[in-house]
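Undergrad: Listed here are the chains, written in short residue letters.
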Amino acid sequence: MIDVPHTDTRPAHGTTGALVAHGVSIGYDGHRVIEDLDLTLPAGRVTAVVGPNACGKSTLLRGLARLHPLEAGRVTLGDRDVTTMPRKELARSVGVLPQTSVAPDGVRVAELVGRGRYPHQGWFGRHSSDDDAVVRRALEATGVADLADRPVAELSGGQRQRVWVAMVLAQETGVVLLDEPTTFLDVAHQVELLDLLADLNAERGTTVVMVLHELNLAARYADHLVVMSAGRVVAEGPPAEVLDARTVLDAFGLDAQVVPDPVSGTPMVVPVGRHPRGRRHTPFHSVDK
Amino acid sequence: MTTTLPATPSATPATDPVGSLRRRRRRRLALVLGALAVLAVALAGLALTLGAASLTPGRALLAAVGVGDDGDLFIVQRLRLPRLAAALLAGAAFGLAGALFQSTLRNPLASPDILGIATGASVGAVVAMLGLGLTGLAVSAGAFVGAGVIALLIWFFAWRQGLHSIRFVLVGVGFAYLASSVLAWMLASADQRDAASALVWTVGSVADVRGTELGVLGLGLAVLAVVVAAISRWQAPLALGDDHARGLGVPTDAARVGTLLTAVGLVALATSVVGPLAFVALVAPAIARRLVDDGGPALSVSVATGATLVLAADIVAEHAVLGVAAPTGIVTGLVGAPYLLWLLATHEKRTRA
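As you go down the protein sequences, you meet chains B and P in turn.
No gaps in the numbering here: position 275 of the first sequence is 275 in my numbering, and each next residue is one more.
No gaps in the numbering here: position 41 of the second sequence is 41 in my numbering, and each next residue is one more.
It should be emphasised that the hints constitute simulated quantities derived from the structure, not laboratory data.
No residue lacks a Cβ here, since even glycine has one placed at the ideal position from N, Cα and C.
Misleading hints may appear alongside valid ones.
Said to hold, decoys possible - Covered, in the sense of this in silico footprint (three residues per stretch, anywhere, with C-beta under 8 Å from a C-beta of chain B), are these stretches of chain P: (1) 16-30; (2) 231-241; (3) 245-252.
This is chain P alone, in the form it adopts within the complex (with noise of 0.2 Å):
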């Protein structure tokens, strides 16, 4: 534009406030991606090691590249690099989009675990296994539907000449109770062997996710990890309020149903494999924001955070109860919880410093 302000006496870069706040925050963003990476590097070792047939970490990375008899090739490359994969990639789906879902609410508490999409999702996996006697991939899709179409009924009723965030949470939260209540009536009033099987679909987990389901789940989030670098941009100023928002010239209806639909995605996608996993997508984001903490909404570190946290749940999950296999949902919350707190008090001590 042509308008320049009266022109100064240039400050010299290093006495430049602003400058060096962006560098310090570029500094700090590294910092805790590059420390979220060493950590989970860490964990997928502990993963590859770990179990039944116990490898040295030596024998478990050569394995883990192709080099090793064939038992550890077998362990590692069918067994636990896929449950690895499958950890880190939901984590990352569900970081991703409890980020997206927040950021564009403006509510920490709007994640699709407690606006009922995530449970819609598992509604139309069971109803794909019990109720249309349907297997694989077919149920990944039934859960996809779910998602979807709570997604679109919470939409109908919480739009009105626009998207207002807390009438969204609050229809969003009522469908939650409803898909929990039907979930809840499908599971009791099935046989007692289908009802075991379909119990994956309300807890979640990552232990038997197969080759083909995989390759859905990576691919899919690869294409929406795409959408999403297009859309962040609406992000900070959506952070602000929508009159703020569409001041600074962003479309703010569009904006959020493009958000919504790209969150709703990931969710449905994540689900649809390795079902609901509880807590992910509502403490990775408060936990990413913690950490980076500049008022935005922290998506890259939600999606390490999401990764991370999933796979030290599923390490947890796997060994830490000796002798019963949890499934990696039930311990999701257990180890995000005390963190976010630990995070949630140490906080407030520095600010009131």
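Chain B with its partners taken away, still in its complex shape (with noise of 0.2 Å):
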């Protein structure tokens, strides 16, 4: 269990605890992609789960946020089984932005949004004008207020993966899980993204959970970082202690120099590769002890 100091003046979350793995195994058609895997993910922390493509991070999310079933072991929120607790119950908890989305034809940006109070209606519920206060709330901290009224297939690749954002926040939950939630995007959406999650952590306290591709940003992002490969946790803990170059070659299997990241002095992983071009630099500063 990872303690929060409680000398971060980021709110913790009343609600939920931390979300733990117990010797969890998830397949598909029988061929175990996760074995017996024991993870905890901190309360009211950014986590990034990053490794090799294959290495079962996807479907690790999946298995948490309940979207594929486990084989074996439990999740749990705090002092709550997620993996008995009724659907709607745990949608108001834990939101999850999978990794593919598409929007229905016609449905406008906030209509889309809006679907994210299922979880909180009734049986024959209507959306109130609470929800709808929900609703805009979320367009504004993703910043698409503007974009309210239009049809969510004409916006770009950035506006419409803030539009999805918006609809797991929506959901009002203390966890979010998200799914390569940079995948299609620009450097720049990319980090515009990145800051908006870590806005909602600042502000709300929201676990953020991400499957992240890109080491550099997800080491600049996640206070604590889970680096899998082959179905194993390898190494966690924050980026600055985890992310070195020998995990990398473990992870990855990559020749790498990790110096610290100019911006924010957050490991950078720098891959050597086999045609390195250019004059060759010494790294301004080295990791290496």
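Build the complex: two chains, separate frames, hints provided.
TA: Shown next, in the form of structure tokens:
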């Protein structure tokens, strides 16, 4: 269990504790992708899960969010068992943004974001003015309020991804899980989206767990970094302690230098490769001790 | 939930884009339903007035509420009203069934005609008539069994750790061809006169629906409409795909199974009374979605569109071709397809502009 120091200025989230996987096994058609995995994702913090393709990081996220059934083990959120909780109740505590999202034809931004209110509405429930207020705040928080009236299909990739994030925000959950939220975005929109998630975490104390491909952005935005390889966690902890040349070699089989990020000071992975063109510079700092 | 986003200086309702969008959607829905209702009433007036024994609209309406001479009463209450009611009820059932199939399977081609469920109903009815020598309601029961059997077969072959819509549609298309072949073989090998009466089950007609059948159709539709109202809240999240729907708290497998069972029930019910009316379940929801255009399943508008479409088709079928009273099912496609094409063409222009 990872304790969050109370000196941190971020509000501790009242309703949810850490999301914990206990001996979790997940597979597809008899083939186990993840075997007996234990992992704690600290409450009120940003966790990034990284690892090579097919290492099981997306599968893990899907298992945690109950998008895919567990073959063994269980997942708890605070003192509650996620595995047996009614789905709708879970959807009020854990929001999830899957890897691919396709909006139905004709749906407008505000309507799509409004779908995030589903778990809060009764069986014959209608949208109330409270729901409208939540949707409006989610639109504002993600900077898409002026697009409220536009069909989602007409938006650019970056705008569309922010709209989907807004839908998850409208769910008003203490935990948000995102599966490669930056995949189809250019670098500017990647940074913009990660800033948005960092804001969300800072302002609301939301626990953010995201699967990311981009190691340097993961190291910069995560409080807690989980490195996976072949269905196992090979390293976890603060990025500065976890991400070094050795871990990158172990997990990705990649020869790399790890230097401090000139902007944030967090570890920055610079791959070596076989064809380094141009003049070789010595890194201006070396992490190797 | 206790979590709240940071409060912002609240916008006044007048400048609130979220609420105003929702109100605009509600107005549009009311407008579309109102327009369809006016159209249906006008068509109903036409249906009661037209015919071999031509009545004035005034006399026809009076007869419909029980005022007039015996001849008028017989023509309107015994001949024209049941046909009118059958057209409206069957159209409503097909429209609703198609909307449920298409939204749940997330495929605009996933209608019971294409999936072979309607053809299965025809096979069931023809087996009951030609094979078992049954008549009346027993034939309708046969249609119901036929639709159910095809639905179960599709299910059995399409289910792999959950319901995948593409596989469901492809398996359904396969069974549609199989059922059509069985039907063609049975009609080809049957006695000429039997085959002629069985032909109704391959085309569909609202012309000769008796009182008891009408009662069954009305009652069944009422019951299933209540079920649909209860499960309709699943449809909007399901339209986002399984992962999003699960993330929002929808039990997706149960939701799809429940929705499809209800839709199969609607198809079986309507087909067992009027036969398979081609194209209605496919085209009515497509028209309805274009009219509403909010990314939702447009269930209520599909009901209204289906009812109006079948009524219009039946008027054309009965009166447009002099001397030949064509079965309704031959005309439904002729009436529905051009309208859908026109809607698609104009919609395309609007989004490009």
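Undergrad: Does each hint fit the structure? Answer for all of them.
TA: Verification of the hints:
Closer than 8 Å: that is the beta-carbon criterion, and the segment 16-30 of chain P has 7 residues meeting it against chain B, so the requirement of 3 holds. Interface restraint, the segment 231-241 of chain P with chain B: holds (6 residues with C-beta to C-beta distance below 8 Å; minimum three). Interface restraint, the segment 245-252 of chain P with chain B: holds (6 residues with C-beta to C-beta distance below 8 Å; minimum three).
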